[in-house]
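Chains A and B, in that order, are what the protein sequence lines are. Quick note on our numbering: the first sequence kicks off at 1 and runs consecutively. Quick note on our numbering: the second sequence kicks off at 1 and runs consecutively.
Hints are computed from structural coordinates only; laboratory data are not their basis. Accuracy of the hints is not assured; some may be wrong.
The calculated DSS-like cross-link candidates involving lysine-lysine, where the alpha carbons are at most 30 Å apart (straight line), are [unchecked claim]: (1) A:Lys91 - B:Lys274; (2) A:Lys126 - A:Lys91; (3) B:Lys205 - A:Lys42; (4) A:Lys91 - B:Lys281; (5) A:Lys106 - B:Lys281; (6) A:Lys134 - B:Lys205; (7) B:Lys176 - A:Lys126; (8) A:Lys126 - B:Lys274; (9) A:Lys126 - A:Lys49; (10) A:Lys126 - A:Lys38; (11) A:Lys134 - A:Lys106; (12) B:Lys176 - A:Lys42; (13) A:Lys42 - A:Lys137; (14) A:Lys42 - B:Lys228; (15) B:Lys176 - A:Lys106; (16) A:Lys64 - B:Lys281; (17) A:Lys106 - A:Lys90; (18) A:Lys38 - A:Lys91; (19) A:Lys106 - A:Lys137; (20) A:Lys137 - A:Lys49; (21) A:Lys134 - A:Lys42; (22) B:Lys205 - A:Lys126; (23) A:Lys106 - A:Lys38; (24) A:Lys38 - B:Lys205; (25) A:Lys42 - B:Lys274; (26) A:Lys42 - A:Lys90; (27) B:Lys228 - B:Lys281; (28) A:Lys106 - A:Lys42; (29) B:Lys281 - A:Lys105; (30) A:Lys49 - A:Lys91.
Computed spacing ranges between beta-carbons, pair by pair [to be verified]: (31) A:Pro43 - B:Ser233: 11 to 21 Å; (32) A:Pro43 - B:Gly140: 26 to 36 Å; (33) A:Ser25 - B:Glu218: 40 to 50 Å; (34) A:Lys91 - B:Gly7: 53 to 63 Å; (35) B:Ala285 - A:Leu122: 27 to 37 Å; (36) B:Ala49 - A:Leu122: 44 to 54 Å.
Glycine included, C-beta positions come from ideal geometry on N, C-alpha and C.
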Amino acid sequence: MFRLVLVISALFLVFTATPLVAGDSPQEQRHELMEQSKDAAKPVGGMLKGEVEFNAETAMASFKAWVEVADQFGDLFPEGTETGYDTEAKKEIWTDRAGFDAELKKFSDAANAAVAANPQSLEELKAAAGPVFKTCKGCHEGYRVEKE
Amino acid sequence: MRWSLIGLVAAVLLFWWVTEPPSLNTAALPVHEPDLANGERVFHTGSCASCHGEDLAGGLQIHSDFGTFVVPNISPDAESGIGGWSELAFVNAMMLGVSPDGSHYYPAFPYPSYTRMQVQDVLDLHAYQDTFQPLASDQGPHQIGFPWNVRRGIGLWKIRYLDQGRVVVTSPGNTKAERGRYLVEGAGHCSECHTPRDRFGGLQKNLWLSGAPNPDGEGTIPNITPHKDGLASWSEADIAYYLESGFMPDFDTVGGSMVEVQENLARLPDADRKAIAAYLKSLPARP
């Protein structure tokens, strides 16, 4: 029984950890990456809010998930994907590519720095995760369409 | 003919009489030693910089159904700003919507909310704004068409809509929610965007904070009552954390004109954000 659980968990991990499903459009792929970023943010945010107890491993898993997202995200905005699939991408991503790349690099740098910091307490987590969160907001402001 | 003329004159006189811009006198002001730290806190609560600019020089244009309002320079410049204003002039502007020369301000300047502030907070704000750099730049007049360009008519509007009373009565003893009420209904002026307006631009208090059309564009300003279309699923901690960090419970980020407001509220003490959360969760849920 234990072995079965282990195998199922392993399979689950393999599938959920594989971010790109072949054949998906760039719009869907980048949407999926943002969903993964949000899912990674939830446990960290829970710790910062004081709703969940600090756990160094969980936090590290989130940081690594962000690094993975950051590594792939920039390639998912080729010409011709400005619209479709309800994308929230602003046209500025294509008209001001350098600015977008700079924002994305901030996210990547902050996520890598968080991994390197390897926080072992809630205080250290605050210091490490705060800058990453800031880059989410920063990029959305200029390059994401506001729905509603 | 003669009677209709007399009637007309009487109507004009009555209009003139009831729309007289009010003013406090100096005796109404408390003796007060300005507290700059509190003034800064009030400044961020009111998100003053979101409309007037980080340097207070103004210039932003607010497009509305009544015309285009130009946000004035409120830096301490004596010519084009509000430098040299007395405490009384500042309090009259903030709490009664009346300028130093005795005319009504348009309620695009959210004094219908500020009127619920405590005078001490207004005086501290005045002292804090006086620490800014004076900037000479006159932003020019509003572009408003008839009949709304007759400022005296705002006096009628004030009779109908200007009200210093609490909109929501918090439960007795809940000092946290009451602090939140003071921040939200007063300096924070949240309802100016989150509450729908009637056709004269007055807030519909029976729909308090239940969301409204976006005044500067497409879409809507969200419902922030504890309704399922609003903040029902948000805990108080979620609301306070959102105001501090800009992250919603699902970790999407704050957007639109709320970004600057959130960033200003992030500079308040934690207790104030928690108070705002407690007040919002205490509201009647409205669709």
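Right, here's what the structure says about each hint:
1. A:Lys91 - B:Lys274: Violated. Lysine 91 of chain A to lysine 274 of chain B sits at ~37 Å, over the 30 Å cutoff.
2. A:Lys126 - A:Lys91: Violated - the C-alpha atoms of lysine 91 of chain A and lysine 126 of chain A are around 33 Å apart, more than 30 Å.
3. B:Lys205 - A:Lys42: Violated: lysine 205 of chain B and lysine 42 of chain A sit about 36 Å apart, past 30 Å.
4. A:Lys91 - B:Lys281: violated, 38 Å
5. A:Lys106 - B:Lys281: Violated, at about 36 Å.
6. A:Lys134 - B:Lys205: violated, 36 Å
7. B:Lys176 - A:Lys126: holds, 26 Å
8. A:Lys126 - B:Lys274: Holds - the C-alpha atoms of lysine 274 of chain B and lysine 126 of chain A are around 19 Å apart, at most 30 Å.
9. A:Lys126 - A:Lys49: holds, 10 Å
10. A:Lys126 - A:Lys38: holds, 17 Å
11. A:Lys134 - A:Lys106: Cα-Cα ~9 Å, so holds.
12. B:Lys176 - A:Lys42: holds, 27 Å
13. A:Lys42 - A:Lys137: Holds: lysine 42 of chain A and lysine 137 of chain A sit about 15 Å apart, inside 30 Å.
14. A:Lys42 - B:Lys228: holds, 21 Å
15. B:Lys176 - A:Lys106: violated, 38 Å
16. A:Lys64 - B:Lys281: The given pair, whose Cα atoms are some 36 Å apart, is violated under the 30 Å limit.
17. A:Lys106 - A:Lys90: holds, 18 Å
18. A:Lys38 - A:Lys91: holds, 23 Å
19. A:Lys106 - A:Lys137: holds, 11 Å
20. A:Lys137 - A:Lys49: holds, 18 Å
21. A:Lys134 - A:Lys42: The given pair, whose Cα atoms are some 15 Å apart, holds under the 30 Å limit.
22. B:Lys205 - A:Lys126: violated, 40 Å
23. A:Lys106 - A:Lys38: holds, 17 Å
24. A:Lys38 - B:Lys205: violated, 36 Å
25. A:Lys42 - B:Lys274: Since the Cα atoms of lysine 42 of chain A and lysine 274 of chain B sit roughly 20 Å apart, the hinted pair holds (cutoff 30 Å).
26. A:Lys42 - A:Lys90: holds, 25 Å
27. B:Lys228 - B:Lys281: Holds - the C-alpha atoms of lysine 281 of chain B and lysine 228 of chain B are around 12 Å apart, at most 30 Å.
28. A:Lys106 - A:Lys42: Roughly 20 Å between the alpha carbons, so the hint for lysine 106 of chain A and lysine 42 of chain A holds.
29. B:Lys281 - A:Lys105: violated, 38 Å
30. A:Lys49 - A:Lys91: violated, 34 Å
31. A:Pro43 - B:Ser233: 11 to 21 Å: holds, 18 Å
32. A:Pro43 - B:Gly140: 26 to 36 Å: Distance hint for proline 43 of chain A, glycine 140 of chain B is violated at roughly 52 Å.
33. A:Ser25 - B:Glu218: 40 to 50 Å: Given range 40 to 50 Å: violated, Cβ gap about 26 Å.
34. A:Lys91 - B:Gly7: 53 to 63 Å: With a Cβ separation near 60 Å, lysine 91 of chain A and glycine 7 of chain B satisfy 53 to 63 Å, so the hint holds.
35. B:Ala285 - A:Leu122: 27 to 37 Å: holds, 34 Å
36. B:Ala49 - A:Leu122: 44 to 54 Å: Since alanine 49 of chain B and leucine 122 of chain A have Cβ atoms about 32 Å apart, the given range 44 to 54 Å is violated.
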